[in-house]
Each structure stands twice: as structure tokens, then as C-alpha cells.
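There are 2 protein chains.
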Amino acid sequence: ADLQAMADARAHQDRLTKPRGALGVLEEVAVRLAGVAGACPPPAPAPAALAIFAADHGVHAQGVTPWPREVTTQMVLNFLAGGAVANAFAAQAGVSVTVVDVGVAADLPEAPGLVSRKIAYGTADLSAGPAMTAEQAVAALEAGITVARDLVAQGNACLVTGDMGIANTTASAALICAFTGRDAADTTGRGTGADDATLRHKIEIVRRGLEVNDIPGDGDPGSRSEVVRRLAAVGGLEHAALAGFVLGAAAARVPVILDGVIAGAAALVAAALAPDAVGYCLAGHRSAEPGHAITLDHLGLRALVDLELRLGEGTGALLAYPLVSAAVRVMHEVATFDSAGVTDKDAQATLDPST
Amino acid sequence: ADLQAMADARAHQDRLTKPRGALGVLEEVAVRLAGVAGACPPPAPAPAALAIFAADHGVHAQGVTPWPREVTTQMVLNFLAGGAVANAFAAQAGVSVTVVDVGVAADLPEAPGLVSRKIAYGTADLSAGPAMTAEQAVAALEAGITVARDLVAQGNACLVTGDMGIANTTASAALICAFTGRDAADTTGRGTGADDATLRHKIEIVRRGLEVNDIPGDGDPGSRSEVVRRLAAVGGLEHAALAGFVLGAAAARVPVILDGVIAGAAALVAAALAPDAVGYCLAGHRSAEPGHAITLDHLGLRALVDLELRLGEGTGALLAYPLVSAAVRVMHEVATFDSAGVTDKDAQATLDPST
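First to last, the protein sequences are chains A and B. Residues 14 to 368 in full-length UniProt numbering are what the first sequence lists, from first letter to last. Residues 14 to 368 in full-length UniProt numbering are what the second sequence lists, from first letter to last.
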């Protein structure tokens with residue numbers, strides 16, 4: 014991130030016709046985007062593109078969710094038909110939708126808006142051994158990087174993360190343990206509808222996955238090869254692709270709005286590979302999943318929307334997008350105390366009110 | 014509010030291709046708007062209109078804010094020139110801006126976007142006696158009702174509150190005490206920049222205003238005439254007009270998105286006059302002012318945006334507007350489990366995925 018552009022953005026905020034700091038968290042969003050772009054004011058984050066990375070999970074066989082695995086495929090078809098909540102939110106926000114198949118356990122028909130980067134028909138069961146080979150994890154990382162690069166090449170100035178994968182909160186919880194050192198009981202939640210018994214079982218499965226894959230409780234992979242090993246061991250193909258998507262956004266100097274706990278877990282992986290990538294991330298929302306707050310703390314990110322969403326698909330990030338746009342618009346359109354002839358209490362100099 | 018439309022909205026939410034309740038607070042927003050409109054799905058809340066009610070305050074003379082009183086007039090001119098944060102946020106959200114002068118202490122030039130309903134050149138000092146006469150308070154209430162009615166007659170389907178009045182967080186704190194029974198120390202905050210000494214003084218001024226106007230600590234005006242007496246005693250002309258604006262929205266069966274602590278204090282007055290009016294309100298954001306959380310609790314409202322804004326003008330409500338629109342759009346555009354062929358875990362019936 015460009016520190017000079019960030020300092021310029023802070024100084025510009027203080028000249029605008031509003032009390033200093035009165036836009037709260039949005040002022041820091043604008044400063045962050047100035048750093049990302051290396052320019053003050055930062056460019057409007059438009060157009061923006063949502064990429065929904067979809068994949069299936071071998072751990073589904075362990076009964077960690079009440080939803081059948083086929084719902085991943087069904088929901089991909091729903092996205093392509095424009096019928097999901099992510100489609101409605103994207104239409105509302107003026108964001109394009111791309112679905113990326115990195116590991117759905119079915120053959121999907123070619124369709125507009127669908128990018129096929131299938132690496133496997135789902136992962137293996139993380140509670141019985143590694144979910145992916147290292148080669149698969151790297152291929153998924155590269156797929157995410159490529160999708161980000163392509164979307165930016167198409168003119169997008171802001172990327173938005175989405176995901177679809179029945180059972181992917183289980184893999185997210187395991188990844189958060191592997192990259193923060195927290196216990197499975199702290200990181201595992203009800204996902205999209207686990208009852209008490211399923212939640213207890215899910216925690217046990219996450220614990221077993223960490224044990225069987227020899228992931229220590231240090232939360233610190235240390236080397237890049239250990240980052241990839243832990244990702245491959247307990248992650249999903251969409252997590253790996255999302256981590257690559259974040260890295261691709263950072264490489265292109267474009268901001269990326271993270272959705273919930275799945276994107277957060279992926280961002281932990283991206284940060285472990287390239288700590289500077291976090292500077293390109295905005296946390297769209299805080300999910301109801303307990304592991305997400307832990308993840309945001311670890312990344313040092315503050316969520317923009319906090320409405321108890323637990324849907325995924327990119328819905329939380331899409332809701333945040335107009336807030337991010339508004340934060341940037343302020344930098345372009347709001348008058349300064351000088352230009353508007355408004356008295357600045359801090360400068361204590363009244364200017365000609367006729368201007 | 015129409016209970017049948019609300020029940021229909023809840024049932025419709027449960028048929029949509031998402032886990033039940035997964036949209037969190039936004040599901041309740043859609044249900045509320047169905048109740049407001051008496052229809053499921055509720056109509057899109059568009060177009061929407063922001064009304065910024067502006068007025069000055071006699072209590073400014075007590076040194077409750079570091080900002081000069083003239084800033085009220087200067088900011089009105091800034092709104093009319095399109096240079097304020099509210100203008101930028103309104104442009105982002107596609108919301109029109111109307112400025113209503115109900116009590117600015119200066120003669121304003123005629124201008125497009127300015128509605129003159131001036132009742133006085135500011136209020137009297139609430140810490141020395143009543144801020145307004147009962148007649149002035151009623152006239153301001155009526156002005157707000159009229160503005161709401163006119164904006165709806167022009168085709169607006171959603172109203173958004175805004176305010177401008179240097180020193181109006183002081184009057185807000187006093188109103189919140191008068192209508193909730195809380196102590197001045199709990200309801201009074203730093204507004205747009207009071208330091209520690211100014212804050213202590215401001216609390217003292219609020220206390221004095223309640224005492225000198227014989228407002229008991231019961232938080233329960235009881236009669237309508239006592240509501241108007243308390244409003245006139247410690248409120249501002251913009252508070253009275255905003256209370257009328259809320260009543261006008263409710264009368265027109267149109268939702269109104271409340272901004273921060275000033276609108277919240279006004280909504281307490283509206284609720285005391287007509288308890289059902291609260292059903293037409295959405296809380297746009299939670300202000301950093303301590304009195305606002307108390308107000309939202311009292312009204313039973315949950316804020317949609319919580320980003321430490323302390324600017325006023327309608328900025329918090331404008332940020333919430335796209336979230337409200339998104340909540341309604343879901344009701345119109347998202348496929349049902351049936352129509353999309355997605356398996357509903359709760360219904361446990363897979364439908365033909367080829368549909």
C-alpha cells in the first residue's frame with residue numbers, strides 16, 4: 014500500500030465540510046483504498062465483479078450439515094439462472110456475477126457466466142487424511158489468481174468474493190484453527206443450520222481433521238510449503254481459489270471485498286503467503302459464524318456490515334459494496350471548508366460565504 | 014401495520030432458496046415493509062427522498078459546541094450547492110435531496126431544492142425556559158407532516174430523515190431524557206466534537222433545561238398536550254418537524270428511514286403522539302451518541318449500519334437505504350426451492366432439478 018497516498022487521503026478528509034472523523038469507519042475505508050490505488054482521491058471502485066467459487070467437500074460424508082451435497086450443484090444452476098440472493102444483491106449493487114467451478118462434484122453444462130476451472134470432483138474427507146494433494150491446492154490457488162487477473166483485465170476496479178460449497182464452514186473452521194492456533198470449539202459454528210448434536214459432532218470432526226493431518230496448535234505455518242500443506246490438508250478447493258483471488262487482487266492493485274467466514278479463512282491463507290495482501294482486503298461483513306470474528310481479529314480487519322447474515326455466496330460483501338462506493342465518492346465530491354465557505358472549528362477561520 | 018402481509022412475508026422468506034433466517038436482520042426489514050405497505054412482496058422503496066430539516070438553537074449561546082452558529086446556514090448553502098456528504102451519499106444511493114428551513118437564524122435565498130417553512134429564527138435557550146411556544150412546536154410538527162405528504166404525492170415510496178442544526182445534539186439529549194426518563198449523563202454525548210470540559214458543561218445545561226421547564230424524570234408524558242409541552246420546552250424546530258415527518262410517513266403508509274440521534278429523539282415524540290408510527294420506521298444507523306442506543310432500545314428498533322458515524326444530515330440513513338432496497342429485492346427476485354429445483358433441507362423433498 015502507498016503510504017503517501019494514505020497520508021494525503023487523511024489530510025483531504027480533514028479539509029472536507031464535516032467534523033473531523035465524523036464518517037467513522039468509512040474514513041479509514043477511503044484511506045485504505047487510496048493506499049491500494051496509490052492515488053488520492055482513489056478511483057471509484059467501479060465496475061465491480063463478484064466471483065463465486067464453487068466446490069464440494071469430502072467431509073460432507075461425515076454428516077456435518079443437514080443439507081444434501083447436491084445442493085452445491087443446484088445452487089450453481091440457480092446462480093446461473095439469476096435466482097439466488099447473491100444475484101438479487103448483485104443486481105441491486107450493479108455488480109456482475111461470475112461463477113467459477115473449481116471442484117463441484119458434477120459435470121456442469123457450459124453457460125454464460127460460468128467459468129470452468131474444475132480441479133477435482135470435490136475434495137477428499139479432511140477428517141480421514143489430506144483433503145487435497147499439494148498439487149491440487151496449488152492449482153486452485155492459481156485458478157483464483159487467474160480469475161482475479163482476468164476480471165481486472167476486463168476493466169473491473171473492485172473484486173468481490175463469493176463461495177458455494179455445502180459443508181464448507183467445516184473446512185473453514187479447520188483452516189482457521191490451522192492458521193490462528195485457536196481451538197475447534199471456538200472456530201466451529203452452526204453454518205447454515207446445524208443443530209446442537211450436529212454442532213458437537215462437527216467440532217469433533219474438525220479436531221480429528223487437525224490431528225490426522227498432523228497440524229500443530231501453533232497457528233503459525235512458518236514456511237510457504239507448510240502453508241500449502243495445511244491448506245491442502247483441511248481446506249476446500251474454493252478456499253484455495255479464494256486465497257488466490259485475494260493474491261491476484263493485490264497483485265493487480267485492486268481492492269477485494271471479502272464476504273464471510275469462508276473468504277476470511279481463505280484470506281488467512283493468502284496473508285500467510287503474502288502478508289501485504291491484507292492491505293488490499295476490506296471485510297464486507299461479520300458472519301454469525303464464531304470463527305469469523307477470530308479471523309477478522311487475526312487479519313486486523315473491521316467488518317462494514319453486521320446484520321447476522323449466514324448465507325455466503327458473497328451476500329455480505331455485496332451489501333458492503335455501496336458503503337465502500339460511498340466512502341470513495343466523498344473524496345471526490347464533497348466540498349472543502351475553503352471552497353464552500355464553511356467555518357472550520359479547528360482552523361477557526363471563516364471564509365467568504367459568498368463563494 | 015398489516016399483520017397478514019407480514020405473516021405472508023415470513024412464509025415467503027422461508028420458501029426462498031436460502032437457509033431459513035440466513036438473511037438475518039434483513040428478513041425482518043422485508044417483513045416490516047410488507048406490513049407497512051399491506052402487501053407481500055412489498056413494493057420497492059423507490060424512488061426515495063431525503064428531507065434535511067434545518068434550524069438553529071438558542072442553547073447555542075451556552076457554549077455547548079465548538080462550532081459557530083453560522084455553520085447551520087453555511088451548511089444549508091452547502092447542501093443546496095451539492096457539496097456536503099449527504100449530497101454525495103444521496104447521489105450514490107439515487108435519493109433526491111430536499112432542504113427544509115424550519116428555523117434557520119438567517120434569511121435564505123430562494124433556491125431549487127429549498128423549501129421554506131420557517132417558523133422562527135431559531136429556538137429560545139432551553140436552559141432558560143421553553144425553547145418554543147406550543148404554537149411553534151405544533152406549527153413545526155405540521156410542517157413536517159406537510160413535507161412528508163408532499164414528497165409522497167410526488168411519487169416517493171420511501172422517506173429518509175436528515176437534519177442540520179448546530180447544537181442540536183443538546184436538544185436531542187434533553188428530549189431523550191424527557192421521553193425515556195433517563196439521566197442527562199446517560200443521554201448526552203460529544204456531538205460533533207465537544208471536549209471533556211464541554212461535555213460536562215453540556216450535561217449540566219441539559220439538566221438545567223429539564224429543571225427549569227419542570228420536566229419530571231418519569232419519561233412518560235401521558236397526555237398529548239404534555240407531549241407537545243415537553244417537545245416545545247427542550248426540543249428544536251427540526252426535531253418537531255422530524256416528528257411530524259415520521260407521522261406523515263405513517264399516515265401515507267410509506268416507510269421512513271431514520272438517521273441518527275436527532276431523528277431518534279424526534280421519533281420518540283412521534284411515538285408518544287401515535288405509538289403505531291414506530292412500525293413505519295427503520296433505524297438507518299446507530300450513532301456514536303450515547304443517547305441514540307437508549308432511544309433505539311426504547312423504540313424497539315435495530316440499526317442497520319453501525320460504523321461510528323457522527324455527522325447527521327441523513328448520512329447514516331442514506332447508507333442504510335441500499336440495504337433496505339436489497340432486502341425488498343430479495344422478495345421479488347429470488348427463486349423458491351420449488352421453482353429452482355433446489356433441495357430444501359427442512360422440506361426434505363428434492364424437486365426436478367431440470368426445471
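A hint or two may mislead.
[As the list claims (entries may be wrong)] Examples of chain B residues lying across from chain A (beta carbon under 8 Å, computed):
| id | residue |
| --- | --- |
| 1 | THR205 |
| 2 | THR211 |
| 3 | HIS214 |
| 4 | ALA348 |
In short, the hints are calculated from the structure, not lab data. All figures in this text were calculated on a predicted structure; none of them were measured in a lab. Beta carbons are placed, not taken as given, at the ideal position from N, Cα and C, and that holds for glycine.
How the hints compare with the structure:
1. Residue-level restraint check for THR205 of chain B holds (minimum Cβ-Cβ distance to chain A is 4 Å; threshold 8 Å).
2. Given the 8 Å rule on beta carbons, the hint for THR211 of chain B is violated: about 11 Å separates it from the nearest Cβ of chain A.
3. Restraint check, HIS214 of chain B versus chain A: the minimum CB separation of about 16 Å is more than 8 Å; hint violated.
4. Restraint check, ALA348 of chain B versus chain A: the minimum CB separation of about 3 Å is within 8 Å; hint holds.
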